[in-house]
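> Residue numbers (the numbering used here), protein chains in the order written: chain A, 1 to 115; chain B, 1001 to 1114.
Just so you know, these hints were derived from the structure itself, not from any lab.
One or more hints might be untrue.
DSS-like mimics (lysine-lysine), calculated; alpha carbons at most 30 Å apart, straight line [unchecked claim]:
no.: 1; chain 1: A; residue 1: 78; chain 2: B; residue 2: 1069
no.: 2; chain 1: B; residue 1: 1022; chain 2: B; residue 2: 1058
no.: 3; chain 1: B; residue 1: 1022; chain 2: B; residue 2: 1101
no.: 4; chain 1: A; residue 1: 24; chain 2: B; residue 2: 1022
no.: 5; chain 1: B; residue 1: 1077; chain 2: B; residue 2: 1022
no.: 6; chain 1: B; residue 1: 1069; chain 2: B; residue 2: 1058
no.: 7; chain 1: A; residue 1: 24; chain 2: B; residue 2: 1101
no.: 8; chain 1: B; residue 1: 1049; chain 2: B; residue 2: 1069
no.: 9; chain 1: B; residue 1: 1022; chain 2: B; residue 2: 1069
no.: 10; chain 1: B; residue 1: 1022; chain 2: B; residue 2: 1049
no.: 11; chain 1: A; residue 1: 68; chain 2: B; residue 2: 1058
Here are some of the chain B residues that sit facing chain A, going by a computed Cβ distance under 8 Å [claimed, not checked]:
no.: 12; residue: 1032
no.: 13; residue: 1042
no.: 14; residue: 1046
no.: 15; residue: 1047
no.: 16; residue: 1099
no.: 17; residue: 1101
One-sided excerpt, in silico: chain B residues whose CB lies under 7 Å from chain A [stated by the list, open to error]:
no.: 18; residue: 1043
no.: 19; residue: 1044
no.: 20; residue: 1051
no.: 21; residue: 1100
no.: 22; residue: 1104
no.: 23; residue: 1106
Cβ atoms here follow ideal geometry from the backbone N, Cα and C, with glycine treated the same way.
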Amino acid sequence: DAGVIQSPRHEVTEMGQEVTLRCKPISGHNSLFWYRQTMMRGLELLIYFNNNVPIDDSGMPEDRFSAKMPNASFSTLKIQPSEPRDSAVYFCASSRTSGAEGTQYFGPGTRLTVL
Amino acid sequence: AQSVAQPEDQVNVAEGNPLTVKCTYSVSGNPYLFWYVQYPNRGLQFLLKYITGDNLVKGSYGFEAEFNKSQTSFHLKKPSALVSDSALYFCAVRDMDSSYKLIFGSGTRLLVRP
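Isolated chain B (complex conformation) (with noise of 0.2 Å):
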């Protein structure tokens, strides 16, 4: 079964430090990865996504996430955070059973502390 996993409902980080959110998946096949962020009483925003190609990818907002294929995961990072990052964070897998269908995780929850 395709399916992504969060380990952490929280990360706390400082502002000005870096952050790692972590995502890691299983799928068959070449997996297709999102990172969305959501804001308190917002619908979420895509932040990036890999296809192919890179395995860094860089996305809005300053971040950028590593696709690392041997450890199935798919960390979302930014070199210093700010408060305004403090948000929800999902990661996402498309279902290769279906062209359209986004598996997601379950949510992680990050905090920077100024």
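Bound conformation, chain A alone (with noise of 0.2 Å):
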């Protein structure tokens, strides 16, 4: 079975330019989450969907992001206007279940920079 598949691995750009990145969870997981990771905030959920549905986006750092899930397999997340303050690792993770013991299998990642 494959795991959370992420692309694209590796991401360079230019500040002001908008960046996408793009998530297939594991078939048959309902709750689909985004993480970023940078060595001074560590690992920060950005968003979390279940069912396709945004329930929590209190992570998202602010109106350049946005995120979408249009179906169960696929999810987005856009970045525009980029800016240098965006470089991080962005994770997504997926789980079979919303509840408290689900456990969150995650990505290989998008190493993201902005120049």
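Using the supplied hints, reconstruct the complex from the two chains, each of which is provided in its own coordinate frame.
Encoded structure:
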């Protein structure tokens, strides 16, 4: 069974450009999470979807960030316009259940560099 | 406030020796605890979790963790370390105010020398 798939694995862009990160969760999982990892702040939850519906977006840094989940097998995280401080590794994770015992499985991440 | 702490930034151990990576937590109620490992340029991989039951939890790659309620700890252990175990290890606790949020520790880098 394939794990969580993310693309691209690496993205280098210039300040002001739009960036779109993509995620395919594990089949059958109904919960999807976007995280950001930086040296300074560690792992931060950006947004959580349950059954394709955004439940908690309190971690989204600002209006430049947006996320969608049009169906159970696909989600995007968009940054427009991008800024150098957005440089980080972005992870997508999925879980079979939204319950407290559910295990989150992470994708390989997208390393974003904004010049 | 709920939190998890990994008091050691780095743990060094010789191959073949036992290893321990420490984790302490602070939550209201019964904790749900997790360990993840991150290899360079990879995502986090799930190792094991404690929800309820036996205090000694066995996980992937020969790792185990012991839940100690009185000490509010959930230390990760392995009887005999391998060089390939060298990685970044994260402890996490479920945020009891929301059923889905994980609160991650800052991570501990494990270096196993040959």
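> Now, for every hint given, state plainly whether the structure supports it.
Consistency of the hints with the structure:
1. A:78 - B:1069: violated, 42 Å
2. B:1022 - B:1058: holds, 16 Å
3. B:1022 - B:1101: holds, 21 Å
4. A:24 - B:1022: This hinted pair is violated, its Cα atoms lying about 33 Å apart.
5. B:1077 - B:1022: Roughly 9 Å between the alpha carbons, so the hint for residue 1077 of chain B and residue 1022 of chain B holds.
6. B:1069 - B:1058: holds, 17 Å
7. A:24 - B:1101: holds, 20 Å
8. B:1049 - B:1069: Answer holds: residue 1049 of chain B to residue 1069 of chain B is near 15 Å, not above 30 Å.
9. B:1022 - B:1069: Given pair residue 1022 of chain B, residue 1069 of chain B holds - Cα atoms ~14 Å apart, limit 30 Å.
10. B:1022 - B:1049: holds, 15 Å
11. A:68 - B:1058: violated, 37 Å
12. 1032: holds, 5 Å
13. 1042: holds, 6 Å
14. 1046: Because about 5 Å separates residue 1046 of chain B from the closest Cβ in chain A, which is inside the 8 Å limit, the hint holds.
15. 1047: violated, 10 Å
16. 1099: With Cβ-Cβ at 4 Å, under 8 Å, it holds.
17. 1101: holds, 6 Å
18. 1043: Hint on residue 1043 of chain B: holds, closest Cβ of chain A at ~4 Å, below 7 Å.
19. 1044: holds, 4 Å
20. 1051: Result: holds, 5 Å to nearest chain A Cβ.
21. 1100: The hint holds - residue 1100 of chain B has a Cβ within 7 Å of chain A, the shortest such distance being about 5 Å.
22. 1104: At about 5 Å, which falls below the 7 Å cut-off, the nearest Cβ of chain A leaves the hint on residue 1104 of chain B intact, so it holds.
23. 1106: holds, 6 Å
Against the hints set out earlier in the document, violations occur for numbers 1, 4, 11 and 15.
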